[in-house]
Each structure stands twice: as C-alpha cells, then as structure tokens.
Amino acid sequence: MADKRVFFLVRKTFKEEVPNTAIDHALGCLTVMEFEVEPIVAFVEAGVLNCLRGQDGMGTYGIETPEDRIKMLLMSEVKVLACKEDMERYGITEDMFTDAKEFDIEETIQPVSFEEIKKSMESSDMVMVF
Amino acid sequence: MKLGVFISDFKYDAELLDRIASDETGVFLVHDGVYNAVVKENGKPSPLLEKVSKVFVLKDDLKLRGFAEDAVPSNVEVVDYGDIVDKLMEEYRKVIWL
Amino acid sequence: MGALTIGLLTRPYGSKNIAFALRLAKAALEKGHSVKLWLSGDATTVAKKGQHKYQKSFNFEAELKELIEKGLEVVNCESCVYIRGINDEEMIDGVQVKTMTWFMENALSSDVALMIGEE
Chain A
146 MADKRVFFLV RKTFKEEVPN TAIDHALGCL TVMEFEVEPI VAFVEAGVLN
196 CLRGQDGMGT YGIETPEDRI KMLLMSEVKV LACKEDMERY GITEDMFTDA
246 KEFDIEETIQ PVSFEEIKKS MESSDMVMVF
Chain B
146 MKLGVFISDF KYDAELLDRI ASDETGVFLV HDGVYNAVVK ENGKPSPLLE
196 KVSKVFVLKD DLKLRGFAED AVPSNVEVVD YGDIVDKLME EYRKVIWL
Chain C
70 MGALTIGLLT RPYGSKNIAF ALRLAKAALE KGHSVKLWLS GDATTVAKKG
120 QHKYQKSFNF EAELKELIEK GLEVVNCESC VYIRGINDEE MIDGVQVKTM
170 TWFMENALSS DVALMIGEE
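Chains as they are written, first to last, in the numbering used here: chain A, 146 to 275; chain B, 146 to 243; chain C, 70 to 188.
Don't read these hints as lab results, they were simulated from the structure. Do not take every clue at face value.
[To be verified] So the derived label-pair ranges between C-beta atoms look like this:
| id | chain 1 | residue 1 | chain 2 | residue 2 | range |
| --- | --- | --- | --- | --- | --- |
| 1 | A | THR205 | B | GLY227 | 43 to 53 Å |
| 2 | A | PHE248 | C | SER178 | 25 to 35 Å |
| 3 | A | GLU230 | B | LEU194 | 23 to 33 Å |
| 4 | A | ASP148 | B | LYS196 | 31 to 41 Å |
| 5 | A | PHE248 | C | SER148 | 20 to 30 Å |
Model, not experiment: these values are computed from the prediction. Virtual Cβ for every residue (Gly too), placed ideally from N, Cα, C.
Based on the sequences and whatever the hints tell you, model everything.
And the structure:
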C-alpha cells in the first residue's frame with residue numbers, strides 16, 4: 146500500500162491544456178522518491194470525453210492527445226476511473242473507451258458510479274481538480 | 146478530513162459541488178464567487194448558501210466589487226487572507242479550487 | 070509552523086488567480102509558514118522578467134520579487150516554461166525550474182496543498 150494517495154478529478158475537455166496537465170501530474174507522482182505515491186485519475190462530467198478511442202492528434206495538429214496520455218497511465222498501472230452517470234449522459238459506452246491492449250496491458254478505464262469516485266476522493270490525502 | 150472548496154466564479158460548477166459536498170464541507174468565496182454571498186437572483190439568495198455547513202467570503206473581493214460587509218448574510222463569515230490561511234492550516238487541510 | 074504549497078495553472082494577467090495566490094502566500098509567510106509556489110501551464114509566464122507596470126495595474130514581477138525576498142520558493146514547471154519560449158536568463162532572479170515530480174513531492178509533504186486550475 147502506498148504512503149500517500151493523490152486523487153485527480155478531470156472535468157475539462159480538449160480545448161484546455163488541463164486534461165493533459167492533470168495526467169502529467171499523475172505520472173509525476175510515480176517518480177516521487179521521498180515516499181510511495183498512488184495517483185488515481187477520474188474523469189467526470191464532460192471530462193469523460195477524454196477517454197474516447199481514436200483521437201488523432203498526430204494526423205491533425207501533430208500533437209499528443211489525452212488518449213495517448215491515458216495509455217501511458219494504463220501502462221504505468223495507474224488506476225483510471227470514469228463516471229458511469231456522465232458516460233450515460235453523453236451516450237458513451239465502455240467499448241468506446243481507449244485502452245493499451247497494443248502494449249499487452251490488461252488494465253482498462255473502469256466505469257464507476259460518482260459515489261465510488263467520491264469515496265475514493267475522501268480517502269485520498271490530496272485532491273486536485275482540473 | 147474536512148474538505149475546503151474555493152469558488153471563484155459567480156456561475157460556478159454547481160453540479161460538482163452538489164456531488165462532492167458533505168456536512169463538513171466549507172466553501173471559500175473568492176473573486177467573482179463572492180457574488181454568491183450578496184447577489185439575489187430573481188429575489189432568491191444563491192442556493193450555494195444552503196448547500197454546505199460553512200461559507201466564507203473574502204473581504205477584499207467583496208470591496209473590490211462594491212459590496213460592504215453588512216450586505217453579507219449572517220450565515221456567511223467575512224474573512225481576510227490571514228483568516229483563510231488559519232482556516233486552511235487548522236481546519237481545511239484538503240482543499241480544491243472549482 | 071506549517072507548510073503551504075500552491076500550484077497555479079492559470080493565465081497571469083487574463084485572470085486574477087495569480088493575484089489571489091500571491092496574497093494568500095504573503096499572508097501565510099507573514100504568519101511564519103513556509104510557502105512554495107508551483108507555476109505550471111500558462112502560469113509559468115508570470116515569472117518572466119521585464120513586466121511593465123501601466124498606471125494602476127498589477128505588476129506580478131514586483132510582487133514575486135518581494136515575496137521571494139520574504140522566503141517564497143517559486144518553481145516553474147520545466148516542460149511548461151520552455152515550451153513557451155522562456156529561457157532561464159529571462160526568468161525573475163530566484164525562480165527555479167523543476168519537474169512535476171518536485172511539485173508532487175512538495176505538495177504531499179505540505180500541510181496544505183492547493184492547486185488553482187485554469188478558468
């Protein structure tokens with residue numbers, strides 16, 4: 146069990162830099178030397194749209210997308226959650242989510258209720274909203 | 146641990162606040178968030194004032210927008226920056242910014 | 070005495086979030102707390118030298134210098150600041166450049182950590 150848990154709540158979408166910044170901060174937790182940190186990233190509200198498969202950053206603007214970074218989270222064994230109620234609201238099903246299967250990673254984005262997200266938030270040492 | 150929530154907009158993310166607020170949540174109204182303490186929309190006070198157990202409003206941001214402290218309802222505490230520091234250090238060590 | 074870490078993602082002059090963060094930092098320093106300020110995203114540009122004060126506008130460079138003298142530790146996110154074309158010699162004296170790992174380590178070691186996001 147990690148010494149500290151940090152909860153990243155992501156509600157912003159593509160136009161803003163913050164979904165990527167949130168993920169970068171979460172990845173930054175993994176290289177903290179002083180203690181062991183467990184980051185959890187949860188996508189809520191319209192933020193669940195960041196989880197969609199097929200984002201073409203390189204073919205359009207030549208940039209990385211939240212999808213690319215979510216793959217990095219999954220490859221780094223970071224728990225990634227998406228709010229079930231918000232998925233339903235925006236017509237998103239789990240099969241529309243990205244994954245990291247091409248890298249042989251079994252972990253996927255986990256759809257959970259907001260109640261579960263809240264519980265996890267409450268049990269974390271620190272919460273950051275993006 | 147009590148959660149402190151900074152609200153800096155008049156039209157804030159009410160949905161998220163509704164979802165995360167508990168009996169112990171304290172809200173700090175800063176920047177345009179202070180309008181929620183003093184402006185009545187269609188004659189009604191901001192629903193935010195009923196949602197959480199404690200609401201604080203930053204004195205300088207009220208004055209900046211032309212409101213006097215006596216415009217603030219009695220269930221809202223007027224604070225300065227030093228008071229916010231004390232409340233964070235003593236009570237609301239887990240804080241988020243909406 | 071306690072430790073406060075403030076993270077900022079916000080644009081400097083297009084928003085008043087930096088004014089808030091600096092005043093909160095000042096109040097905490099005056100109470101004897103240690104304060105660290107992490108500048109990420111567009112907030113990194115507030116640490117650039119040569120900001121002009123026009124009439125009665127904010128001048129965050131002057132405020133930062135004053136607070137650095139009082140003990141505020143200001144750290145720019147490495148990737149965020151360089152991507153914006155700001156080099157080390159263009160930054161206000163005393164501003165450091167580090168990675169997100171530094172921020173997370175310090176935020177988690179603090180009594181209070183506040184991340185002020187984009188608006």
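A quick look at each hint next to the structure:
1. A:THR205 x B:GLY227: 43 to 53 Å: Holds, at about 49 Å.
2. A:PHE248 x C:SER178: 25 to 35 Å: holds (33 Å)
3. A:GLU230 x B:LEU194: 23 to 33 Å: Between GLU230 (chain A) and LEU194 (chain B), where Cβ atoms are some 26 Å apart, the hint holds.
4. A:ASP148 x B:LYS196: 31 to 41 Å: Holds, at about 33 Å.
5. A:PHE248 x C:SER148: 20 to 30 Å: holds (23 Å)
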